[in-house]
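Student: Residues per chain are reported as follows:
There are 2 protein chains.
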Amino acid sequence: MFRFFSVDDHIIEPADVWTSRVPAKYRDVAPHVVEEGDRQFWEFEDQRITTMGTNAVVGKPPDEWSVEPISFDDMRRACYDPVLRAADLRSQGIFASVNFPTLPRFGGALFAGFKDKVLAHHCVRAWNDFLIDEWCAADPDMFVPMVIVQLWDPELAAEEIQRCIEKGAKAVCFVENTTPLGLPSLHDESHWDPIFGLCEEAELPVCMHIGSSGSSSVPDPKTPMIVTFASVAFAGAALASINMMMSPVPRRFPNIKLVWSEGGIGWVPAAMERADRQYARHLWSHASNDLMPSEVCRRNMWFCMIEEPVGIKYRHDFEIDHILWESDYPHADTPFPNTQENASEVFAGVPQDEIDLITHRNAEQLFHHQLVGPQPAGTSAG
Amino acid sequence: MFRFFSVDDHIIEPADVWTSRVPAKYRDVAPHVVEEGDRQFWEFEDQRITTMGTNAVVGKPPDEWSVEPISFDDMRRACYDPVLRAADLRSQGIFASVNFPTLPRFGGALFAGFKDKVLAHHCVRAWNDFLIDEWCAADPDMFVPMVIVQLWDPELAAEEIQRCIEKGAKAVCFVENTTPLGLPSLHDESHWDPIFGLCEEAELPVCMHIGSSGSSSVPDPKTPMIVTFASVAFAGAALASINMMMSPVPRRFPNIKLVWSEGGIGWVPAAMERADRQYARHLWSHASNDLMPSEVCRRNMWFCMIEEPVGIKYRHDFEIDHILWESDYPHADTPFPNTQENASEVFAGVPQDEIDLITHRNAEQLFHHQLVGPQPAGTSAG
Chain A
0 MFRFFSVDDH IIEPADVWTS RVPAKYRDVA PHVVEEGDRQ FWEFEDQRIT TMGTNAVVGK
60 PPDEWSVEPI SFDDMRRACY DPVLRAADLR SQGIFASVNF PTLPRFGGAL FAGFKDKVLA
120 HHCVRAWNDF LIDEWCAADP DMFVPMVIVQ LWDPELAAEE IQRCIEKGAK AVCFVENTTP
180 LGLPSLHDES HWDPIFGLCE EAELPVCMHI GSSGSSSVPD PKTPMIVTFA SVAFAGAALA
240 SINMMMSPVP RRFPNIKLVW SEGGIGWVPA AMERADRQYA RHLWSHASND LMPSEVCRRN
300 MWFCMIEEPV GIKYRHDFEI DHILWESDYP HADTPFPNTQ ENASEVFAGV PQDEIDLITH
360 RNAEQLFHHQ LVGPQPAGTS AG
Chain B
0 MFRFFSVDDH IIEPADVWTS RVPAKYRDVA PHVVEEGDRQ FWEFEDQRIT TMGTNAVVGK
60 PPDEWSVEPI SFDDMRRACY DPVLRAADLR SQGIFASVNF PTLPRFGGAL FAGFKDKVLA
120 HHCVRAWNDF LIDEWCAADP DMFVPMVIVQ LWDPELAAEE IQRCIEKGAK AVCFVENTTP
180 LGLPSLHDES HWDPIFGLCE EAELPVCMHI GSSGSSSVPD PKTPMIVTFA SVAFAGAALA
240 SINMMMSPVP RRFPNIKLVW SEGGIGWVPA AMERADRQYA RHLWSHASND LMPSEVCRRN
300 MWFCMIEEPV GIKYRHDFEI DHILWESDYP HADTPFPNTQ ENASEVFAGV PQDEIDLITH
360 RNAEQLFHHQ LVGPQPAGTS AG
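Chains as they are written, first to last, in numbering that gives the first Met the number 0: chain A, 0 to 381; chain B, 0 to 381.
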């Protein structure tokens with residue numbers, strides 16, 4: 000049996016995440032659920048979100064899939080119930096799970112767009128408190144706390160990360176790119192230092208999910224959007240990770256740990272080679288002649304895969320201990336309920352020690368969280 | 000000795016390409032060269048271009064490179080002289096060369112932005128006449144005519160392609176993506192039919208160069224632009240080629256031949272696998288359940304590389320007869336003047352028949368143009 004540590008799942012937030020936690024005066028403008036007929040919506044400030052859980056399709060037959068579950072009743076309860084979630088995951092052999100937000104968007108950037116930044120600050124804290132005190136507390140062996148931050152204020156973000164570390168936070172959720180969101184550049188020498196500096200010091204991996212830039216990479220608005228978006232998302236991760244390789248971040252913080260979620264791994268060797276070649280040829284165009292992009296990539300970056308035989312085939316052209324596994328529950332990419340069977344095909348022929356690294360040991364080390372779950376038959380605990 | 004067919008080089012247009020060919024009344028508004036001090040500029044309509052030849056750096060030491068040669072005298076003459084160009088190429092073992100335009104942009108899209116579309120039409124024809132009658136005519140064994148088209152009018156474009164076929168055209172230059180240029184979508188069922196239909200019928204490959212979309216994929220404006228652009232360009236080719244895989248074009252024209260220039264090859268196997276997986280999972284979101292993206296890719300697409308050991312290593316995970324070689328003269332990526340030496344490293348350990356396919360035989364077949372040049376020692380002509 001495979002024993003999995005999933006570094007990428009998704010919480011669908013219950014209705015009271017914010018209303019039960021923000022100060023009373025903000026309850027009407029913080030995210031709350033309203034109903035119209037059989038539909039439910041999230042409302043906040045002067046906005047309304049028309050889906051309760053983007054692509055939360057787990058457990059439905061594919062011909063009923065859509066991007067827009069219209070109410071909580073339209074979803075499998077394990078989307079928003081941590082006890083049921085943990086049961087679903089364990090049934091697959093998944094014994095640890097890192098979760099991204101949904102309403103706050105995959106990088107937590109929603110609140111950076113709020114007009115009222117005090118409200119936004121309370122909303123960030125409310126999500127983190129919900130995550131740690133409610134979601135992860137429901138099953139501390141299973142759930143690994145990854146917190147969101149005040150992207151518009153790195154000093155405030157560092158304070159929030161520190162507050163959450165004291166409550167058990169093990170990772171920080173960030174955005175693939177900053178400038179498409181109207182935030183300062185990663186190339187602004189010291190702007191982001193408070194976040195990356197603290198994450199380096201506290202050994203918290205910084206996780207960036209595909210589609211968290213606030214801009215789509217899809218080059219044609221008339222393409223079949225879902226399938227094209229999901230297909231090209233690796234290119235978005237490539238753009239973001241290469242931009243990061245060229246940036247001051249890994250040079251200022253040589254021990255920073257950067258995780259690119261749902262971007263796949265099979266393209267990474269070709270990308271490193273190309274970036275190195277260009278970096279060496281175009282020294283005239285950039286100031287630094289220190290680390291090659293591939294050195295940054297191999298030292299500071301982790302890439303993730305769900306079911307990717309090609310990526311597995313090429314695993315030794317990247318770093319075998321920088322490859323992570325993800326379940327993507329409850330999105331369309333999740334192998335649930337066939338995780339074990341599918342993995343048998345994906346990992347066919349791979350030595351057990353390498354399977355263990357990819358499925359859980361790399362993540363255990365990176366997130367400082369040990370799997371608690373049945374040991375493989377015929378082995379002792381270890 | 001390696002014998003090369005380069006499917007991607009660049010013409011720097013001489014000053015009189017348009018002024019000597021457009022009707023007299025257009026000479027002042029068609030592209031023409033003006034001088035100010037020691038600088039030269041291209042002017043047309045009400046615009047001025049501040050570089051005479053983007054990144055035309057061949058023959059200069061890297062510490063003198065820039066994106067902006069400021070005059071013809073600032074460039075190696077072989078940039079704009081076909082006789083000298085052919086000599087440079089032959090010195091490298093390159094015996095055939097397909098060339099992209101420079102001032103009209105890599106996809107010929109400059110003229111689609113002209114206010115006066117009659118002028119634009121004359122400018123397209125002038126470039127094609129220059130290409131065929133002057134550039135390629137200077138060395139018909141070496142130069143393979145690839146023409147640009149009236150992107151704003153597919154019917155007119157088809158007429159132009161037909162006109163050029165009669166003059167010897169062997170390929171058509173197109174753009175990676177259409178919508179970022181304000182042109183109709185590739186997913187508009189029949190809009191582009193006149194171009195792709197004629198190219199299929201006449202067996203003309205359609206070549207799309209990185210950076211020809213009119214929009215950059217670079218996600219951060221403060222990144223070291225040249226090195227990041229060149230590094231991430233494969234992601235741009237991935238976005239465009241996957242969009243094309245999902246489009247009606249290869250379904251309406253099953254024999255269309257699509258060439259992605261300077262995008263590299265090493266990422267293609269991972270991209271095909273991901274696209275297939277998403278296409279199969281998300282049948283609910285798109286109408287068609289016919290060809291998988293990888294089937295389109297393996298049947299209709301060719302990918303190109305300059306020096307890419309990783310791509311060579313993965314060559315059998317794509318199609319060995321759909322990989323092409325490029326020299327990228329006179330840009331910074333060109334291996335000139337070390338083409339043979341560098342190729343010895345890139346192709347180390349590859350069987351000779353596969354080297355022959357990649358370096359020239361695939362291109363000979365695709366472009367219907369046979370290499371004329373010295374045969375390898377110890378072999379008969381063949």
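Incorrect hints may appear among the rest.
Since the list gives no way to pick out one identical chain from another, each pair is judged satisfied if it fits inside one copy or across any two copies.
[What the hints assert, rightly or not] Capping the alpha-carbon separation at 20 Å, the derived lysine to any residue pairs in SDA-like fashion look like this:
hint : residue 1 : residue 2
1    : 221       : 181
2    : 116       : 27
3    : 114       : 31
4    : 221       : 291
5    : 59        : 298
These aren't lab readings, by the way, just hints derived from the structure by calculation. Values in this document were obtained by computation on a predicted structure and should not be read as measured data.
Student: Which earlier hints can't be squared with this structure?
Tutor: Hint check: 5 fails alone, others pass.
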